[in-house]
Structure formats: C-alpha cells, structure tokens
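Line order of the protein sequences matches chains W and U. Just so you know, we're using our numbering here: the first sequence kicks off at 1 and counts up by one. Just so you know, we're using our numbering here: the second sequence kicks off at 1 and counts up by one.
Derived by calculation from the structure, the hints in this document are not laboratory data. Possibly wrong hints are sitting among the right ones.
Just so you know, same-sequence chains aren't split out, so a pair can sit in one copy or run between any two.
Stated by the list, open to error - No more than 27 Å apart at the CA atoms, straight line, and that leaves these computed lysine-lysine pairs for BS3-like:
no., residue 1, residue 2
1, K20, K66
2, K78, K59
3, K20, K35
4, K20, K117
5, K157, K98
6, K157, K78
7, K109, K136
There are 2 protein chains.
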Amino acid sequence: MADEAPFQFLHSELIQYITKSADSGDTENARNITKLEIMGFRVGQGLIERLTKDTVRFKDELDIMKFICKDFWTCVFKKQIDNLRTNHQGIYVLQDNKVRSLSQLSAGKQYLEQAPKYLAFTCGLVRGALTNLGVKSIVTAEVSVMPACKFQVMIQKM
Amino acid sequence: MADEAPFQFLHSELIQYITKSADSGDTENARNITKLEIMGFRVGQGLIERLTKDTVRFKDELDIMKFICKDFWTCVFKKQIDNLRTNHQGIYVLQDNKVRSLSQLSAGKQYLEQAPKYLAFTCGLVRGALTNLGVKSIVTAEVSVMPACKFQVMIQKM
Numbered sequence: 001m002a003d004e005a006p007f008q009f010l011h012s013e014l015i016q017y018i019t020k021s022a023d024s025g026d027t028e029n030a031r032n033i034t035k036l037e038i039m040g041f042r043v044g045q046g047l048i049e050r051l052t053k054d055t056v057r058f059k060d061e062l063d064i065m066k067f068i069c070k071d072f073w074t075c076v077f078k079k080q081i082d083n084l085r086t087n088h089q090g091i092y093v094l095q096d097n098k099v100r101s102l103s104q105l106s107a108g109k110q111y112l113e114q115a116p117k118y119l120a121f122t123c124g125l126v127r128g129a130l131t132n133l134g135v136k137s138i139v140t141a142e143v144s145v146m147p148a149c150k151f152q153v154m155i156q157k158m
Numbered sequence: 001m002a003d004e005a006p007f008q009f010l011h012s013e014l015i016q017y018i019t020k021s022a023d024s025g026d027t028e029n030a031r032n033i034t035k036l037e038i039m040g041f042r043v044g045q046g047l048i049e050r051l052t053k054d055t056v057r058f059k060d061e062l063d064i065m066k067f068i069c070k071d072f073w074t075c076v077f078k079k080q081i082d083n084l085r086t087n088h089q090g091i092y093v094l095q096d097n098k099v100r101s102l103s104q105l106s107a108g109k110q111y112l113e114q115a116p117k118y119l120a121f122t123c124g125l126v127r128g129a130l131t132n133l134g135v136k137s138i139v140t141a142e143v144s145v146m147p148a149c150k151f152q153v154m155i156q157k158m
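Just chain W, same shape as in the assembly (with noise of 0.2 Å):
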C-alpha cells in the first residue's frame, strides 16, 4: 500500500468539489483553477517548513532547486523528479515522468484539456515552497505525454 494513498484520495476530492459543476465556462474554470493553486501554494508553505527546519542553510538557488527535486517531491509524492534542467538564467524544468495525479487518467489525447485542474494544485506546492525559501517565482506545468509532466519554474527576480 503507497504511503501517499490518503493525499491523492483526498487531492481527487478536493478537485471534484471544486469544479463539480460540469458546464462551468472558461472563466469559472480559470477560477477553480487558481482555488487549487493558492491551496497548493499554502499547503508547499507549511511542508517546506517543517521539512527544512534542521536543515543547513541553502547555498545558492541550484541548491533550493534540488531540495525541492529531491527531499520535497519524496514527501508529498514518494519519488523524486526525474529530471532537472537549467539554463542559469532563472527558468528551472523539472520533469516528472510519472505524475500521480494524471497516472489515474487515460493517456489519451482527449484528456489532455483536463490536465491543468490535476495540476494546478502541484504547481501552488512549488511555488509555495519556492517562496517561503525566499525565491519568488512563476511555476507552469505543460504535459505531452501523459502521466509525465514538465513543470516550468521562472523565477522573478526581486
């Protein structure tokens, strides 16, 4: 039995309460959308908190990247990012190859407009982390294939 079963359960509901409306327009579900990220976000603050309270102080923002590619991404989803890519100008890509929250869907075109409602949430949880790290950023995700999933982070410089 997966450690994070109780979380995605809990993750599925929280998204079909918010956008249990069917025939919601483009801006309720532009809406429903942010809901998830802020919750995310809110939720990234308080786990990246606790998770780097006996931590030593972060080296530079490479650093406070892997951190969230690796002890981050382990608490909330039991694995690591598989991959992660910089070109040193302040735009991170972490690549998930197995995202849980879109495992459950089929791979099937079709569905991938339903993908950013199953990630909205995730992408709120890094940036969340992100900025109680002090780096303030802009987290995307873009999915081609799925369940793998790239979340693109910009980081706004202060």
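Got chain W; can you put chain U on it based on the hints?
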C-alpha cells in the same frame, strides 16, 4: 518528518476553504460539516478498497472493526486507535488519544465548539470504509478533552 504531513496540511486547507466565511449561520455550518463528512466518506471508500485488496475475508463485524482501528488508522494517521470498546450489540467506541487534526488546536474549552469541523472528515472516513466492507453505520465524534476523541460507531442492521 512525519509522513502524514502532506495529508494533514491538505486537510486543514480543505476545512479552511469550505468554512471560510467567518460569519456563516448555523445552517451553513451544518451544511459545511456535511460536505466534509461526505468527502471523508468517499476517501474512506477508496482507501479501504485499496487496503483490503489482498486481505482474507473478515470473520465478523468485530474483525472488521479491528482492521479499521489498526491497518486503516495507521494508513491515514500513522498510529493506531488507542482503545476499542463495544457493547456487543452494534455499538463500538474507538478512542484516539491524540487526534492529529485536533492537535493543532489549543486544548482550552473555548475551542471545543470548533472541534466538529475538524472531525467531520474523519467520521466520514470511517463510515465510508465500513460501508465498502458491507457494514452500514452512523459515526459520531465526541470530544471532552482535546486532543483526545471518541468515535462512536452505531451499526445499522440492514
């Protein structure tokens, strides 16, 4: 770092999200608690299905309750129920001396009235799990001293 942290943080956010309007009336309050209970119910259904996938058939009702107290509780809360009592006539009392969702609240009596919204999801969890094992029930929670709680399960004979 406790494994259940992502679940707990998400649960807190959910409560916040559902009960956010501070000045909501009693009816609204009751409705929110019902919503939380129903979400717990559905999560409980999903979890128990996965948890019992490879277990042998349960001997009787008591055997099922023991499974809830041990395996099911451990899966969600990383601890077992501390005490299980029954009158052997369809009433079971599950005592948890440290309910995770309550342990964030101060123990003062003035917070007791806040307790129901933190317990509704858990009551639903138990009811959902039991339902999928073929046991229809009513589950209520009683708090006298936080963060301890007694969950009362009344089996509904079908």
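To see whether the hints hold, each was checked on the structure:
1. K20 / K66: neither (36 Å within a copy, 35 Å between copies)
2. K78 / K59: Close inside one copy (25 Å), not across copies (34 Å); limit 27 Å.
3. K20 / K35: both (13 Å within a copy, 13 Å between copies)
4. K20 / K117: both (12 Å within a copy, 22 Å between copies)
5. K157 / K98: neither (31 Å within a copy, 44 Å between copies)
6. K157 / K78: So K157 and K78 fail the 27 Å test inside a copy (31 Å) and across (40 Å) alike.
7. K109 / K136: neither (33 Å within a copy, 40 Å between copies)
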